[in-house]
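Peer 1: As you go down the protein sequences, you meet chains A and B in turn. The opening residue of the first sequence carries number 1 in the working numbering; numbering runs sequentially from there. The opening residue of the second sequence carries number 1 in the working numbering; numbering runs sequentially from there.
No false leads were mixed into what you were given.
Label-pair distances were calculated between CB atoms; the ranges are:
hint, chain 1, residue 1, chain 2, residue 2, range
1, B, Glu304, A, Leu315, 53 to 59 Å
2, B, Pro104, A, Phe141, 46 to 52 Å
3, B, Glu274, A, Ala508, 42 to 48 Å
4, A, Ile511, B, Ser256, 50 to 56 Å
5, A, Trp452, B, Ile141, 32 to 38 Å
6, B, Phe60, A, Gly263, 50 to 56 Å
7, A, Lys13, B, Ile11, 27 to 33 Å
8, A, Asn198, B, Thr120, 36 to 42 Å
9, A, Ala508, B, Ser256, 48 to 54 Å
10, A, Val575, B, Ile11, 45 to 51 Å
Where chain A lies over chain B, by a calculated footprint (3+ residues, C-beta under 8 Å):
hint, segment
11, 100–109
12, 143–154
13, 283–289
For the record, the hints were derived by calculation from the structure and aren't laboratory data. Beta carbons are placed, not taken as given, at the ideal position from N, Cα and C, and that holds for glycine.
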Amino acid sequence: MSDHHHKETFITKYIFSTDHKMIAKQFLITGMFMAIIGMLMSAIFRVQLANPGEYSILYELLPGGWLNEDGGLNPDKYLALVTMHGTILVFWVLTAGLSGTFANFLIPLQIGARDMASGFINMLSYWFFFIATVVLLSSLFVESGPASGGWTIYPPLSALPQAIPGSGTGMTLWLYSITLFVVGSLLGGLNYIVTILNLRTKGMSMQRLPLTVWALLITAILGVLSFPVLLSCGLLLLFDRSFGTSFYLSDIIINGEALHNVGGSPILFEHLFWFLGHPEVYIILLPALGIVSEVIAVNSRKPIFGYKAMVGALLLIAFLSFIVWGHHMFMTGMNPFLGSVFTFTTLLIAIPSAVKVFNYLATLWRANIRFTPAMLFAIGTVSAFITGGLTGLILGDSALDINVHDTYFVVGHFHIVMGLSAIYGMFAGVYHWFPKMYGKMMNKTLGYVHFWGTFICAYGVFFPMHFLGLAGLPRRYYTNSSFPMFDGLADINEIITFFALAGAIVQAIFIFNFFYSIFKGTKTTANPWKSNTLEWTTPIERIHGNWPGELPVVTRWAYDYSKPGMDEDFVMQNVPLKEGEKEH
Amino acid sequence: MTNLLIALVVILAIAALVQLVRVNELLSEITNEDTNSVTDDDNNKNGILFLLTIPLFLGFVVWQMVTWDHLLLPPASSVHGAEIDSLMKVSMTLILIVFFALTPMLFFFAYKYRGKKGNTAYFFSHNNKLEVVWTVVPTIILTALIIYGLRTWDRAMNPDLSQATVIEVYSKQFDWTARYAGEDNVLGQSSYLLVKGKNTLGVDMLDEPSSDDIVTREVHLPVNKPVLLKFRSRDVIHSAFLPHFRVQMNCVPGLSTQFGFTPTKTTEQMKLEEGEDFEYVLLCNKICGAAHFNMQMKFIVESEEDYNKWISSQQSLETTLTLK
Numbered sequence: 001m002s003d004h005h006h007k008e009t010f011i012t013k014y015i016f017s018t019d020h021k022m023i024a025k026q027f028l029i030t031g032m033f034m035a036i037i038g039m040l041m042s043a044i045f046r047v048q049l050a051n052p053g054e055y056s057i058l059y060e061l062l063p064g065g066w067l068n069e070d071g072g073l074n075p076d077k078y079l080a081l082v083t084m085h086g087t088i089l090v091f092w093v094l095t096a097g098l099s100g101t102f103a104n105f106l107i108p109l110q111i112g113a114r115d116m117a118s119g120f121i122n123m124l125s126y127w128f129f130f131i132a133t134v135v136l137l138s139s140l141f142v143e144s145g146p147a148s149g150g151w152t153i154y155p156p157l158s159a160l161p162q163a164i165p166g167s168g169t170g171m172t173l174w175l176y177s178i179t180l181f182v183v184g185s186l187l188g189g190l191n192y193i194v195t196i197l198n199l200r201t202k203g204m205s206m207q208r209l210p211l212t213v214w215a216l217l218i219t220a221i222l223g224v225l226s227f228p229v230l231l232s233c234g235l236l237l238l239f240d241r242s243f244g245t246s247f248y249l250s251d252i253i254i255n256g257e258a259l260h261n262v263g264g265s266p267i268l269f270e271h272l273f274w275f276l277g278h279p280e281v282y283i284i285l286l287p288a289l290g291i292v293s294e295v296i297a298v299n300s301r302k303p304i305f306g307y308k309a310m311v312g313a314l315l316l317i318a319f320l321s322f323i324v325w326g327h328h329m330f331m332t333g334m335n336p337f338l339g340s341v342f343t344f345t346t347l348l349i350a351i352p353s354a355v356k357v358f359n360y361l362a363t364l365w366r367a368n369i370r371f372t373p374a375m376l377f378a379i380g381t382v383s384a385f386i387t388g389g390l391t392g393l394i395l396g397d398s399a400l401d402i403n404v405h406d407t408y409f410v411v412g413h414f415h416i417v418m419g420l421s422a423i424y425g426m427f428a429g430v431y432h433w434f435p436k437m438y439g440k441m442m443n444k445t446l447g448y449v450h451f452w453g454t455f456i457c458a459y460g461v462f463f464p465m466h467f468l469g470l471a472g473l474p475r476r477y478y479t480n481s482s483f484p485m486f487d488g489l490a491d492i493n494e495i496i497t498f499f500a501l502a503g504a505i506v507q508a509i510f511i512f513n514f515f516y517s518i519f520k521g522t523k524t525t526a527n528p529w530k531s532n533t534l535e536w537t538t539p540i541e542r543i544h545g546n547w548p549g550e551l552p553v554v555t556r557w558a559y560d561y562s563k564p565g566m567d568e569d570f571v572m573q574n575v576p577l578k579e580g581e582k583e584h
Numbered sequence: 001m002t003n004l005l006i007a008l009v010v011i012l013a014i015a016a017l018v019q020l021v022r023v024n025e026l027l028s029e030i031t032n033e034d035t036n037s038v039t040d041d042d043n044n045k046n047g048i049l050f051l052l053t054i055p056l057f058l059g060f061v062v063w064q065m066v067t068w069d070h071l072l073l074p075p076a077s078s079v080h081g082a083e084i085d086s087l088m089k090v091s092m093t094l095i096l097i098v099f100f101a102l103t104p105m106l107f108f109f110a111y112k113y114r115g116k117k118g119n120t121a122y123f124f125s126h127n128n129k130l131e132v133v134w135t136v137v138p139t140i141i142l143t144a145l146i147i148y149g150l151r152t153w154d155r156a157m158n159p160d161l162s163q164a165t166v167i168e169v170y171s172k173q174f175d176w177t178a179r180y181a182g183e184d185n186v187l188g189q190s191s192y193l194l195v196k197g198k199n200t201l202g203v204d205m206l207d208e209p210s211s212d213d214i215v216t217r218e219v220h221l222p223v224n225k226p227v228l229l230k231f232r233s234r235d236v237i238h239s240a241f242l243p244h245f246r247v248q249m250n251c252v253p254g255l256s257t258q259f260g261f262t263p264t265k266t267t268e269q270m271k272l273e274e275g276e277d278f279e280y281v282l283l284c285n286k287i288c289g290a291a292h293f294n295m296q297m298k299f300i301v302e303s304e305e306d307y308n309k310w311i312s313s314q315q316s317l318e319t320t321l322t323l324k
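If we strip away everything but chain A, and leave its shape as in the complex, we get (with noise of 0.2 Å):
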């Protein structure tokens, strides 16, 4: 730990950095650009969903071969849309570019460490990451398309090239690019472990952590625990698809041939899919919701309202995720018996995050708020919090799953509960965190009209596809116009599409500004949230090391926000006691 100011060329700087603040970056900005490539494909099925079969202008951004002769979207490329839009946000935009920008920036900066235990695994931890980008963005140009049997890749769908084109190169290279983004999490999450629990600065005791810390220390150790399994699980159906294993294939005929394939069952693949895919969900929550807690904190002028409760209810939510899978396959055909095991326990997770939400109206109570676009975004993840977790309730019941399973019920509760409250938690980090990060401020104004657009527009997407799902509509049809059924869907689509697209328009409001801002935006002071946390002792410039001289020492928690008898309204970390003050 001796010389951490050596001389840094531009590749060690820039490209092969090690240091955390750096990587961070890269996470950042790549999650953003997959964020972009995501949203503009749901762009372009809300247009086919709105006007089903016919041209659009935005297909042209399309691959060649991907559209019917009369110009209209082609079915299996609506599928691989879907599927591609799906894997890119949950795990590109949502797993990396949440986790892996803010564990990156913060834990070190937070903790009062240097930098995280080994920056050289760091850096792999990126580089595979971005390796698997590569890989993901390069299937969109093979000729059968890309995956499209859903991001949750259901064999045997996804393991028979003969059962949809997209099961062909396409899903051998989704495969190959989720194996290469899973060692990247895994050697980040166990990074992210090591460093909190050993590099903490002299005081900061657990007790003592901020809740961002805590919570990204609970997804790592969610992430470690869960994504080996899906490693496995795809690495089965790897085998299916090339060396002829039946793990999960038995009594199949596809295009009239009988495959040799016995005994092997798609339900072992749901199991082991969704014993990461629940904690995914939480993977993706729950560093959203340890931003909003510091974030909210610090706006707010007061301490976050029952630390323990908030690190407690993290704890429970945690273990509740890992016992909760199979309220995803309460329609399978498992035991009904298992069904009503995983409804008891499902529903138990409304209790910790109940005491979250009703623990941040505490902190809203009484405070004298200052309206930070971060604080707007925060306020933004609870109420999507609150609207989407509610219908959790419905979906997590198996009595009424039966009739809302796979419908646009479920799209629009997903979407609320993890896509808004974990974007709007990213968008809050970034905005906070951006004076860290580029030692500029990012416009005020912009941020003011770009959560109000996306507020407004996201709602207005989500909430109407409720409706649709209570009126039975499937998800993932590429017209509902099959069904006179739905005909009478058509408003809602069409209501649900122009939404959708206003609320693209307005992300580049948010692009703008982040790269106007780094290269022209105000210079930043050293504290100008007035924080309490760590990374605010850092000199504006950034430097390898973090701290130029000693690190500091943690006296107090992290919320001594308006606290009686000082001389300021935040209080930071490295203050000592006064003499009589009590802690908290």
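Based on these hints, arrange chain B on the given structure of chain A.
Peer 2: Coordinates of chain B only, in the frame set by chain A:
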């Protein structure tokens, strides 16, 4: 040409944004204030917007509930479905109450406690009593909801099927076929290896109960009589979804699944209630390939008399397979 125009519009939009931001920054240089620090004015504006969000957002939700109510599925046409509907009503009421309470509270707090220079927030870090209350209350409500849910699930999954008509529903890319068990009410054995020519379901004709099985392309059901649907799939996972009956079950290759229920309303009755175009329909509800969106089969519920007439007019599998 259009591409060029679009590019032009994008460039102009970016230029406009840059100018907007520049003006903003220059103004603040003149007034010597940091343009990006939040002022009381910002707090007021955003606070008021949050206040306005309450009627607008909740109004939007209520508008949807009123305007689109007629599009939602009609009340269930099956015995267990009616129980599911009751559970749905209770759960929906509960979540709507919570939604209509918490959402305004959140936005009202945002408005009410919007910041003002000179104000101080109230240092309030925890309160054990309060926290116990809002842990225990949800726990009690959820316990009730879980018990109610599990009872409904249990009854839906374990109906009395001793008298049920047995029908196999066979799925493949991208259509459905039905096989009635015939007079003996026992389905003949089948295997995917026997699929050949006209024997599209791979029924083992050497198996005694096979001979009177009846293969059809639509399903007729007698009203108020239990029916047991048994599902098979030829190629990939499909999901048999009968939304009007509140029935859904995956069809998995290599695995046999089933769902038993009792229809309570004839198609005729539904036509009277829901309009002339009404039909019961079976949809595929698990992504299965290009024509997933158009994989359907008609279900017809009729009086026992009509049903008997229809079923006796159908040819048995033995006859159809031996016909040249």
